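Chains as they are written, first to last, in our numbering: chain C, 35 to 145; chain Z, 34 to 149.
Be careful, since some hints might not be right.
Some residues of chain C that are not near chain Z, with every Cβ distance over 12 Å (derived) [unchecked claim]:
| no. | residue |
| --- | --- |
| 1 | Ile38 |
| 2 | Asn55 |
| 3 | Phe63 |
| 4 | Asn64 |
| 5 | Glu75 |
| 6 | Val84 |
| 7 | Lys91 |
| 8 | Arg93 |
| 9 | Ser101 |
| 10 | Lys102 |
| 11 | Ala118 |
| 12 | Leu121 |
| 13 | Glu144 |
Derived lysine-lysine pairs resembling DSBU-like cross-links, with alpha carbons at most 30 Å apart [unchecked claim]:
| no. | chain 1 | residue 1 | chain 2 | residue 2 |
| --- | --- | --- | --- | --- |
| 14 | C | Lys91 | C | Lys102 |
| 15 | C | Lys142 | C | Lys115 |
| 16 | C | Lys91 | C | Lys110 |
| 17 | Z | Lys90 | C | Lys142 |
| 18 | Z | Lys90 | C | Lys102 |
| 19 | C | Lys102 | C | Lys142 |
| 20 | C | Lys115 | Z | Lys90 |
| 21 | C | Lys115 | C | Lys91 |
| 22 | C | Lys142 | C | Lys110 |
Facing chain C, from chain Z, some residues (calculated, C-beta under 8 Å) [as the list claims (entries may be wrong)]:
| no. | residue |
| --- | --- |
| 23 | Asp34 |
| 24 | Leu76 |
| 25 | Arg88 |
| 26 | Ala89 |
| 27 | Asn92 |
| 28 | Phe102 |
| 29 | Ser127 |
| 30 | Gly131 |
| 31 | Asn136 |
| 32 | Phe140 |
| 33 | Gly141 |
Simulated from the structure, these hints should not be mistaken for lab results. Please read these numbers as outputs of a predicted model, since none were measured by experiment. Using N, Cα and C, we set each Cβ at its ideal position, and we do this for glycine too.
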Amino acid sequence: GQNIDQPTEMTATEGAIVQINCTYQTSGFNGLFWYQQHAGEAPTFLSYNVLDGLEEKGRFSSFLSRSKGYSYLLLKELQMKDSASYLCAATYTGGGNKLTFGTGTQLKVEL
Amino acid sequence: DSGVTQTPKHLITATGQRVTLRCSPRSGDLSVYWYQQSLDQGLQFLIQYYNGEERAKGNILERFSAQQFPDLHSELNLSSLELGDSALYFCASSVPDGYTGANVLTFGAGSRLTVL
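Chain C extracted, bound-state conformation:
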């Protein structure tokens, strides 16, 4: 299989920084996506990494290490509206643009 693992739940404080980790199977790996999903809504695209390193996009950054099969999503200056599920997803060779998702990390931002 193409197991994608991420923590089930995390809690952080408004204004703080939180890092959500994700590990994936490296065999046949192409690229790594992060999506945000609010309860009952559609997932929305946050970031994409294909090369090693950090991609920064406003308050959100995403990191990839291809050799370690590891990625993280970094959220800065947390806001209450950031409370959501964060989904790590990967594409693999032969899968086209099909995404294989992890089960998601439910982030709760508290005052």
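Please arrange chain Z on chain C, whose structure you already have, making use of the hints.
Frame of chain C, contents of chain Z only:
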């Protein structure tokens, strides 16, 4: 608005019944992906169509079938429904992202199916 349209938004039916979920991809996009999201599981890939042809198949049950029509809309048919089929069903198109250059799956709002 993602440009991917799904109907119906909500559907309640009984075990043993059959339902059809409909998806219209973004204008001009040839691809359609179907995903199932249950409470205790993540997004599970069901099936992909590209320009009317089946392109990839995931963990789709034999009781489920799909097709993509010449106008590119797609339908997901779920039959002999069981309680465990209750889930959110998402349709997605593959859209080039202007910032990263990646082909990004863009999801519709989903169809929530409840089987009683």
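Hints, verified against the model:
1. Ile38: Non-interface label fails for isoleucine 38 of chain C: nearest chain Z Cβ at 8 Å, not farther than 12 Å.
2. Asn55: holds (16 Å)
3. Phe63: holds (14 Å)
4. Asn64: With a cut-off of 12 Å, asparagine 64 of chain C comes too close to chain Z, as the shortest Cβ separation is near 10 Å.
5. Glu75: Nearest chain Z Cβ is 7 Å from glutamate 75 of chain C, so the label is violated.
6. Val84: The claim is violated: valine 84 of chain C sits with its nearest Cβ about 7 Å from chain Z, within 12 Å.
7. Lys91: violated (8 Å)
8. Arg93: With a cut-off of 12 Å, arginine 93 of chain C remains clear of chain Z, as the shortest Cβ separation is near 15 Å.
9. Ser101: holds (21 Å)
10. Lys102: Check passes; 21 Å lies beyond 12 Å.
11. Ala118: Nearest chain Z Cβ is 14 Å from alanine 118 of chain C, so the label holds.
12. Leu121: violated (7 Å)
13. Glu144: holds (23 Å)
14. C:Lys91 - C:Lys102: Status holds; Cα separation ~23 Å.
15. C:Lys142 - C:Lys115: holds (9 Å)
16. C:Lys91 - C:Lys110: holds (11 Å)
17. Z:Lys90 - C:Lys142: violated (34 Å)
18. Z:Lys90 - C:Lys102: holds (28 Å)
19. C:Lys102 - C:Lys142: holds (28 Å)
20. C:Lys115 - Z:Lys90: Judged against 30 Å, a Cα distance of about 35 Å means the pair is violated.
21. C:Lys115 - C:Lys91: holds (17 Å)
22. C:Lys142 - C:Lys110: Within the cut-off at roughly 14 Å; holds.
23. Asp34: With a closest approach of 11 Å, the aspartate 34 of chain Z hint is violated.
24. Leu76: Holds - the Cβ of leucine 76 of chain Z comes within 8 Å of chain C, reaching about 4 Å at its closest.
25. Arg88: Result: holds, 6 Å to nearest chain C Cβ.
26. Ala89: With Cβ-Cβ at 5 Å, under 8 Å, it holds.
27. Asn92: Since the shortest Cβ distance to chain C is 11 Å, the answer is violated.
28. Phe102: violated (20 Å)
29. Ser127: Because about 4 Å separates serine 127 of chain Z from the closest Cβ in chain C, which is inside the 8 Å limit, the hint holds.
30. Gly131: violated (12 Å)
31. Asn136: Hint holds; asparagine 136 of chain Z Cβ to chain C Cβ min 5 Å, cut 8 Å.
32. Phe140: holds (4 Å)
33. Gly141: holds (6 Å)
In this structure, the hints that do not hold are numbers 1, 4, 5, 6, 7, 12, 17, 20, 23, 27, 28 and 30, in rising order.
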